[in-house]
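Spelled out, the chains give:
Number of protein chains: 2
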Amino acid sequence: MDISILSEKLNHTLSTLRYGENPKELYEPIRYIMALGGKRIRPLLVLLGAKMFDDDVEKALLPAAAVEVFHNFTLMHDDIMDKAPLRRGQQTVHEKWDANTAILSGDVMLVRAYELLLNVEPEKLPLVLRLFSRTASEVCEGQQLDMTFERREQVSIPEYIHMITLKTAVLVGFSLELGAILQGAPQADAEHLKAFGDNVGIAFQLRDDLLDVYGDKAKFGKQVGGDILSDKKTFLMLTALEQANAQQRQTIIGWRDKTDESIAGEKVKAVTQVYDQLHIRQQTEQQIDLYFQRALHHLDAVQLPDERKSMVRNLALQLMERDS
Amino acid sequence: MDISILSEKLNHTLSTLRYGENPKELYEPIRYIMALGGKRIRPLLVLLGAKMFDDDVEKALLPAAAVEVFHNFTLMHDDIMDKAPLRRGQQTVHEKWDANTAILSGDVMLVRAYELLLNVEPEKLPLVLRLFSRTASEVCEGQQLDMTFERREQVSIPEYIHMITLKTAVLVGFSLELGAILQGAPQADAEHLKAFGDNVGIAFQLRDDLLDVYGDKAKFGKQVGGDILSDKKTFLMLTALEQANAQQRQTIIGWRDKTDESIAGEKVKAVTQVYDQLHIRQQTEQQIDLYFQRALHHLDAVQLPDERKSMVRNLALQLMERDS
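Protein chains in written order, with our numbering: chain W, 1 to 324; chain V, 1001 to 1324.
None of these hints come from the bench; they were simulated from the model. Model, not experiment: these values are computed from the prediction. Among the clues, some could well be false.
Here are the computed distance ranges between Cβ atoms for each label pair [claimed, not checked]:
#, chain 1, residue 1, chain 2, residue 2, range
1, V, 1084, W, 3, 46 to 54 Å
2, W, 259, V, 1096, 24 to 32 Å
3, V, 1091, W, 3, 33 to 41 Å
4, V, 1159, W, 36, 56 to 64 Å
5, V, 1091, W, 261, 48 to 56 Å
6, V, 1286, W, 24, 55 to 63 Å
7, V, 1007, W, 89, 49 to 57 Å
8, W, 5, V, 1007, 51 to 59 Å
9, W, 226, V, 1159, 57 to 65 Å
10, V, 1257, W, 318, 39 to 47 Å
11, V, 1086, W, 91, 49 to 57 Å
12, W, 58, V, 1096, 32 to 40 Å
Away from chain V, derived, C-beta distances all over 12 Å, residues of chain W [unchecked claim]:
#, residue
13, 23
14, 31
15, 55
16, 83
17, 108
18, 109
19, 130
20, 132
21, 211
22, 231
23, 253
24, 287
25, 319
26, 321
C-beta atoms are modelled at their ideal positions from N, C-alpha and C, and glycine is treated no differently.
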């Protein structure tokens, strides 16, 4: 079966979800954010994790939808906290409506995510809900750390990796683990898939940091250097600050808080020049490779024939835009 | 057993809860709001609902705590939306920290509430989580309606009752129902207890509306007429607006948007005079009595000897400050 068939099944399931009707101020924003689309990677990973162990993935569809609803809940609340005006090129919920609406609709989405998970077989429910709740807490912890770090002068690389692990990676890991658990996979295999997903998630976020500076603008679809312009403490920026000499440090610090569009080109160029001098691109690529290799190591450890693991492996490679 | 022994057990359980440690910006506000206290009525009702069917309420303690954590989550988020500066005489979380902190700590509290419910016996878990999730959604719907009504010119009495049912009453009903379910009560009994709680909840909220105007200031602990001063659409205000003649209506409308403390006394006096002319106090008392009688009717229908129902009945009477 092709991955696009799973994707179709998933989209069909998502299209059948009913969140509620009244009051419409509460439920309309949920339909709105869920309709914005996105790559639906996390629920797809639930299905792929499930399919490794059993071709019949029907029972994983609603739990997969739960993960997507949860993910969009975090986006709705994060966008308030980050004062983000746009999400996937459209107005964010707190911009289109207001912050109160985004708070409350988000709250209901978290409840809906739990409700969708109630479609798990009863004997698996306690484990699934325990793991989901832990993951949900970790994602909140990651968002809190992200906000704290933005206000802090000094953030170490291990602290940054810890933050993106919580904010981004653990949900990727949980998605695969959930799929495996639903199909009755051995615990060790489910845990290796979780570790695979966590590491892919870290690699993916580092790649996101990298592409912001060194990505193909047309392909990436975002402004090149957006993170630099907004003084974001990315892996690249933190590595550069750690390794910069006095003059390079002065260059970076000197551009701080200058976020006006009119100087964007000059600022991005100046900071990128420091990155280039310090070989930040190569160092980031090495780190990505490190986490990706760790991920594959865990996938290898899953006790299944290689052909059953190829779809998950290929999706991960595709996310990394790599051939092998 | 005295109700104070249940209360002690509950407080002990609440004092042993561990919400998390790092990052402290996320977990400190949770400890803060949970330490503000309050009457802990909802978790106490879980225990009383449980005790009706089985004297050993140990297994209801953590689920009762779940209800209290959930209730405090709604307070934390509602206070942001209502821009409330104080909660139980102390700074609200969004004032002491900021709105982002209150959003995110609240989110984690909702997750913790679900986690605490995982202590329910596995075979009861799907039902308990389904009912809890429905209740949680309804509470959010009630908060949304409350906000919508405040911005709307006209709100009917049935609409208002519907709003307070969702925002306040259903959680009271769920608390009792949860206690019953945990002890294996027959479904019909659990449903009657739920209906008892819903109706007590409505009566209690109407009484709250009444006491704001006609309460004993010293006893009530709030400024008399606070709702009038802030133009709140309470049961009293909506009933008065429905029944007012042109002149009385003019008096009420004329005082709208005048919320300055310096005119508080004059405004409260003028509006209360209209209430008095229309016998709003007596009408509200009648409504309270109506819902309280409905509640007792459902308690009577629970298939247990009267002595097993007396603690719940007495607490309800006490909440209403009535003798019978």
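Right, here's what the structure says about each hint:
1. The given range of 46 to 54 Å is respected by residue 1084 (chain V) and residue 3 (chain W), whose C-beta atoms sit roughly 49 Å from each other.
2. At roughly 29 Å, the beta carbons of residue 259 (chain W) and residue 1096 (chain V) sit within the given window of 24 to 32 Å.
3. Here the CB-CB span from residue 1091 (chain V) to residue 3 (chain W) is close to 52 Å, at odds with the stated 33 to 41 Å.
4. With their beta carbons about 32 Å apart, residue 1159 (chain V) and residue 36 (chain W) fall outside the hinted range of 56 to 64 Å.
5. Checked against the given bound of 48 to 56 Å, the beta carbons of residue 1091 (chain V) and residue 261 (chain W), roughly 38 Å apart, lie outside it.
6. For the hinted restraint 55 to 63 Å between residue 1286 (chain V) and residue 24 (chain W), the CB-CB distance of approximately 33 Å leaves it violated.
7. Roughly 54 Å separates the CB atoms of residue 1007 (chain V) and residue 89 (chain W), a value that falls within the hinted 49 to 57 Å.
8. In this structure the supplied range 51 to 59 Å holds for residue 5 (chain W) paired with residue 1007 (chain V), their Cβ-Cβ distance being about 57 Å.
9. For the pair residue 226 (chain W) and residue 1159 (chain V), the beta carbons lie near 46 Å from each other, so the given range of 57 to 65 Å is not met.
10. A beta carbon spacing of about 59 Å between residue 1257 (chain V) and residue 318 (chain W) contradicts the range 39 to 47 Å that was offered as a hint.
11. For the hinted restraint 49 to 57 Å between residue 1086 (chain V) and residue 91 (chain W), the CB-CB distance of approximately 34 Å leaves it violated.
12. Between residue 58 (chain W) and residue 1096 (chain V) the CB atoms are about 48 Å apart, so this pair departs from the stated range of 32 to 40 Å.
13. Interface exclusion of residue 23 (chain W) from chain V breaks down, the closest Cβ pair being 5 Å apart, not more than 12 Å.
14. For residue 31 (chain W), the requirement that its beta carbon stay farther than 12 Å from each beta carbon of chain V is met, with the minimum near 15 Å.
15. Interface exclusion of residue 55 (chain W) from chain V stands, the closest Cβ pair being 27 Å apart, more than 12 Å.
16. A beta-carbon of chain V comes within 12 Å of the beta-carbon of residue 83 (chain W); the shortest separation is about 10 Å.
17. Taking the minimum C-beta to C-beta distance to chain V, about 5 Å, the non-interface status of residue 108 (chain W) is violated against the 12 Å cut.
18. Under the 12 Å C-beta cut-off, the non-interface status given to residue 109 (chain W) relative to chain V is violated; the minimum distance is some 10 Å.
19. Against the 12 Å criterion, residue 130 (chain W) falls within the reach of chain V, whose nearest CB is about 6 Å from its own CB.
20. Residue-level check failed: residue 132 (chain W) sits 9 Å from the nearest beta carbon of chain V, not beyond 12 Å.
21. No Cβ of chain V comes within 12 Å of the Cβ of residue 211 (chain W); the nearest lies about 27 Å off, and the non-interface call holds.
22. Separation of residue 231 (chain W) from chain V is adequate, the least Cβ-Cβ distance of about 18 Å exceeding the 12 Å criterion.
23. Residue-level check passed: residue 253 (chain W) sits 26 Å from the nearest beta carbon of chain V, beyond 12 Å.
24. For residue 287 (chain W), the requirement that its beta carbon stay farther than 12 Å from each beta carbon of chain V is met, with the minimum near 23 Å.
25. Taking the minimum C-beta to C-beta distance to chain V, about 27 Å, the non-interface status of residue 319 (chain W) holds against the 12 Å cut.
26. The beta carbon of residue 321 (chain W) sits about 33 Å from the closest Cβ of chain V, which is more than 12 Å, so the claim that it is off the interface holds.
Checked against the numbered hints above, the structure breaks hints 3, 4, 5, 6, 9, 10, 11, 12, 13, 16, 17, 18, 19 and 20 and satisfies the rest.
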